[in-house]
Amino acid sequence: MGQGPSQHDAEIRRLAEARAAEPGSLLPILHSIQDRLGYVPEAAVPIVAEALNLSRAEVHGVVTFYHFFRTEPPGKQTVYLCRAEACQSMGSRTLEEYARKKLGVDFHGTTSDGRFSLEPVYCLGNCACSPAVMVDETVYGRVTPERLDEILAPHS
Amino acid sequence: MTVTKVFIPCDTTARSLGADDVAVAIAAVAKKRGIDVDIVRNGSRGLYWLEPLVEVVLDGVRVAYGPVAASDVPSLFDAKFLTGGAHALALGPTEKIDYLAKQTRLTFARVGIVDPLSLDDYRANGGYRGLANALNMTGEQIVAAVTDSGLRGRGGAAFPTGIKWKTVLGAPAEQKYVVCNADEGDSGTFADRMIMESDPFVLIEGMTIAGVAVGATKGFVYIRAEYPQAVRTMRAAIETAKAAGFLGAGILGSKHAFDLEVREAAGAYICGEETSLLESLEGKRGMVRYRPPLPAMKGLFGKPTIINNVMSLASVPVILDKGADFYKNFGSGRSRGTLTIQLTGNIKRGGLIEIAFGVPLREILYDFGGGSATGRPIRAVQSGGPLGAYMHPSQFDTVFDYEKFAAVGAMVGHGGLVVFDDTVDMAEQARFAMEFCAIESCGKCTPCRIGSVRGVEVIDRIRSGENATANLVLLRELCDTMISGSLCALGGMAPFPVMSVLNHFPEALSPRVGDPEKVHRVTEIA
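Chains A and B, in that order, give the protein sequences.
At position 86 of the first sequence the residue is numbered 86 (the numbering used here), and the sequence of numbers has no breaks.
At position 381 of the second sequence the residue is numbered 381 (the numbering used here), and the sequence of numbers has no breaks.
No wet-lab data here; the hints were simulated from the structure.
Don't take every hint at face value.
Per the computed footprint, the stretches of chain A lying under chain B, defined by three or more beta-carbons under 8 angstroms from a beta-carbon of chain B, are [unchecked claim]:
id, region
1, 20 to 26
2, 60 to 68
3, 111 to 118
We put the CB at the ideal spot given by N, CA and C, even for glycine.
In isolation and in its complexed conformation, chain A is listed as follows (with noise of 0.2 angstroms):
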């Protein structure tokens, strides 16, 4: 399957390297990370740490502390669900319910064929028309439980 993390440490130090001079870069770095490899792996840190002259505690530290950033590779896509306030009042705690069995993962968590992860988010700003759901960078409205299986049918 995969390559091992250890595979990716030329890429990762070239792209911490290129970043290190600006100010407050260790974010951007992250992402950047994250956008190429889909996560950040724990042999980032120490890299990461070494271009910025940071400790690999204070790197550790900023990789735990944001959701956003995930240390085990995702599934195919990523189902963002919104757990928030505008969401619930239209039925988003039914969805989520449905979308756990559904997938028979919590939040998190990666199906066993690899194809979804499931992770709970805080309003992705589409609270006029809720539920909603966003697949990878695809935000949908009004997410039924009927609508969900239309979303995902064309990626399983």
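Chain A is fixed; fit chain B onto it per the hints.
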């Protein structure tokens, strides 16, 4: 052959309802029928219940059709919609639609009208006139105009924008910064997203004016990762502005320099708090800072920094264009100008309503919103995001005014309203306020970090009938502790929705048997 312009929004919400499919269908049918159309992907008018809203121009007036599904497109062509033909989805002139006609669009003047990335459109519709005026003024004069306009922070805290600017202006430093807080995390809000997706130049212009005013040469827009389209649009607009001399060295031939960079957030709600946002921009965990020093004195990288919300900065160009008095003449009491209300949740006609302060909540909910989407009675409205109180129908006559909302224990905040019908379980909503605080706490102070976890537990005990009376007393004490003992608004205000449930919906948290759904859910996760 004449080319007909067709406007189809590219805004996230419009796209979430199929606007892209509509655009594809219109292009395909036009081609098949040999009709030449020029599809413009404008922003959204904010009449979200009518999206995807397609517009054509008829004798210089935009007329609308909506909500359009891709399957409606052939019949629209059959009805000759390109020349305003009659159709079941025809809505007439867009600006005569009641919902829009009753608004006062100052900050949102161009939103939904222009092609977001057309600098020509922007300038043809009043853009960059504010900056042109600012370049002929001293820093003191610009700051005075912003102060005199009465503009207060639209992010939620409502602090006078001009006072922040004045502090930065008076702080001597070789390097100063302008930071835009575009980490719009409150549920029920999307005004910042709309500005960034639909009229990005207005934010660039507002930030440039801020930089010119206080002598800051570098700006950052900190945008949430949940808004990928806003990130892309802002980045593209910044490149366009740079290429045209509106950013960079010697702006419009003046001695002023100003550069702008987009930085993407990473999903931490707390980073909407200004000091943790600055930490995040510096590449650290988003931990709240102690104040003082104020960011205006020691902000980003320890330098004097203007940090304002998108809506505050996007309101500056119109103030500099039309004058402080023009802006100040709208409003009520000490709340001047316009508020962009975002009407969301269980509501028939959800959308963006920019209107002068002073309008009653009831008018927004029923005249604009048309009541709940489900047709059931409205039971509660959460105003001002996840840290705002749930307002009871008995409070619906409160008028939009920072002080008047505060007087009834509610908050205008960023202008978000989330509507719930009478099927809502208010105890569940109270629990969620604490749960959300526990998930999003930065962990710096104990009342927030531990208090929110205890809050969830105490509410669960009350709901399952365990020592309910004593636990209700405990819950109030816990709320008091969090309010008084937290460093920032997250821990300090998360109790507000909880207390509003205790005060206005007391039956929700009275002793009763456990919620079977809850028990079911817990078992399932395990």
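Evaluation of the provided hints:
1. Coverage of a stretch by a chain is defined here by at least three residues with a beta carbon nearer than 8 angstroms to that chain's beta carbons; for the region 20 to 26 of chain A and chain B the count is 4, and the condition holds.
2. Counting residues of the region 60 to 68 of chain A whose beta carbon lies closer than 8 angstroms to any beta carbon of chain B gives 6, which meets the minimum of three for the stated coverage.
3. For the region 111 to 118 of chain A, the assignment as covered by chain B is violated, since 0 residues bring a beta-carbon within under 8 angstroms of that chain's beta-carbons and 3 are needed.
When the structure is compared with the earlier hints, a violation turns up for hint 3 alone.
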